[in-house]
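Engineer: What follows is the residue order along each chain.
Number of protein chains: 2
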Amino acid sequence: MTEPVPAEGEASPADPHLAPEPAPTGAEGIAQLAAAARRVVDTVVHADPPADAALLAAKLHAIADEIAGSGRISPPRWDNPEHNRDHNPVTGAANPLAPPLTVSADGTGGVVGTATLGFPYQGPPGHVHGGISALLLDHVLGIANAAAGHRAMTAWLRVSYHRPLPLLTECTVRGKRVSSEGRKIRATGTISTGHGTHVSAEGLFVAVRPDLA
Amino acid sequence: MTEPVPAEGEASPADPHLAPEPAPTGAEGIAQLAAAARRVVDTVVHADPPADAALLAAKLHAIADEIAGSGRISPPRWDNPEHNRDHNPVTGAANPLAPPLTVSADGTGGVVGTATLGFPYQGPPGHVHGGISALLLDHVLGIANAAAGHRAMTAWLRVSYHRPLPLLTECTVRGKRVSSEGRKIRATGTISTGHGTHVSAEGLFVAVRPDLA
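So the protein sequences, as listed, match chains H and F. Numbering of the first sequence is given in the working numbering, commencing with residue -12 and proceeding in unit increments. Numbering of the second sequence is given in the working numbering, commencing with residue -12 and proceeding in unit increments.
Treat the hints with care, as some may be off.
As the list makes no split between identical chains, a pair holds if one copy fits it or if it spans any two.
As the list claims (entries may be wrong) - In silico EDC-like pairs for lysine to aspartate or glutamate, Cα to Cα no more than 20 angstroms straight-line:
#, residue 1, residue 2
1, 46, 29
2, 171, 93
3, 46, 66
4, 171, 29
5, 171, 52
6, 46, 189
7, 171, 157
8, 171, 66
9, 46, 15
If you're looking for bench data, these hints aren't it; they were derived computationally from the structure. From a predicted model like this one, the values you see are computed outputs, not experimental measurements.
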């Protein structure tokens, strides 16, 4: 159940996940706004309880009102691959929840992304939450399937934790489709740092029926 | 690799995951601030590219500066179960990335939480990202182990997707320890709505060695 990926036959150097078009000014504006919101998230997670928390919260609500007042996205736009590329919670530059992970083709038929995760993503002290690693891998395996020409949904994902993944350390997330048989697609991936592989995943994906893609 | 949970013997009605003490004013302030930041995140994800995005981003950066200037948490505080309860990316009221899921004992030895996930958590149009479901389940299985008296790390987690989980719909996340043998613990869980079970998970967890707990 990863985010929608291009329909079969659309995957190519023009795959929106792999080679985004130069962003229009509007998208750049949203990315700038999301980056600022991401910094707010990080400072809130790091904050000693400020004496004036209520005042600061009121200021954030006022800005939220301003942003909301500037126009809301119409629902049909959500059902759009370019929109989801920009807004998903893993690689979405327009989504403050996304680290964001930046993903590209790895030159061997798979995909590779990098991110450095801070304290908002913490599980064990000083380390990335295991569920966040699962989130990154589910997404990257979906992109790998898209790059291989399959628009697919996750049927199951198995994530193995080999050693804790440190925060504030650049990590590399790799994904690759390993086989396909009818509508069933298998993909694997890893999260690694200079210290080796920390997390690995394998998954079974089911291609969206062509008449629904 | 879930967030740290209380050491064996500490799990009880006083388990900080299950029965939080009344929050001190400072924690309430941070929770208020995090709630406001969560609303900023939601409005950014919904925003039509505003003409004054750069100005709005500058305002957010100014507030981030104010929050950061009010005092940063000292590193030792991160290695603290109460701190992690408040700041983790799933149930943490102080973490704007967390929905937050609210979890309590289910009366049969397991734990149950509810959340309603909005567009920042979207994968397929109108539905929750599969990796977000994995994140919620990894966390809730860890809490279930804690409630059963085990401080443990995830060795592997297998998540099965039965049907897409709709956004903006209250979902129920359940977790339960099913067995333990030496340091190996097995736990299972589900995410359901009024339409049945959407996602299920099983995992193997390894208890933290008592001398390290």
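Engineer: Compare the structure with each hint and give your call.
Structural biologist: Tested hints:
1. With identical chains, the CA atoms of residue 46 and residue 29 are at most 20 angstroms apart both within one copy (17 angstroms) and between copies (16 angstroms).
2. Taking the shortest alpha-carbon separations for residue 171 and residue 93, neither the intra-copy value of 23 angstroms nor the inter-copy value of 37 angstroms comes in at or below 20 angstroms.
3. Taking the closest pair of Cα atoms, residue 46 and residue 66 never come within 20 angstroms of each other, the shortest separation being 32 angstroms inside a single copy and 31 angstroms across copies.
4. For the identical chains of this complex, residue 171 and residue 29 are neighbours neither inside a copy (40 angstroms) nor across copies (35 angstroms), given an alpha-carbon limit of 20 angstroms.
5. With identical chains, the CA atoms of residue 171 and residue 52 are never at most 20 angstroms apart, being 45 angstroms at best within one copy and 49 angstroms at best between copies.
6. Proximity of residue 46 to residue 189 under the C-alpha cut-off of 20 angstroms is found in neither arrangement, the shortest distances being 44 angstroms within a copy and 43 angstroms between copies.
7. In this assembly of identical chains, residue 171 and residue 157 lie within 20 angstroms of each other by CA distance neither inside one copy nor across copies; the values are 33 angstroms within and 31 angstroms between.
8. With identical chains, the CA atoms of residue 171 and residue 66 are never at most 20 angstroms apart, being 24 angstroms at best within one copy and 43 angstroms at best between copies.
9. Taking the shortest Cα distances, residue 46 and residue 15 sit within 20 angstroms of each other only across copies (17 angstroms), while inside one copy they are farther apart (24 angstroms).
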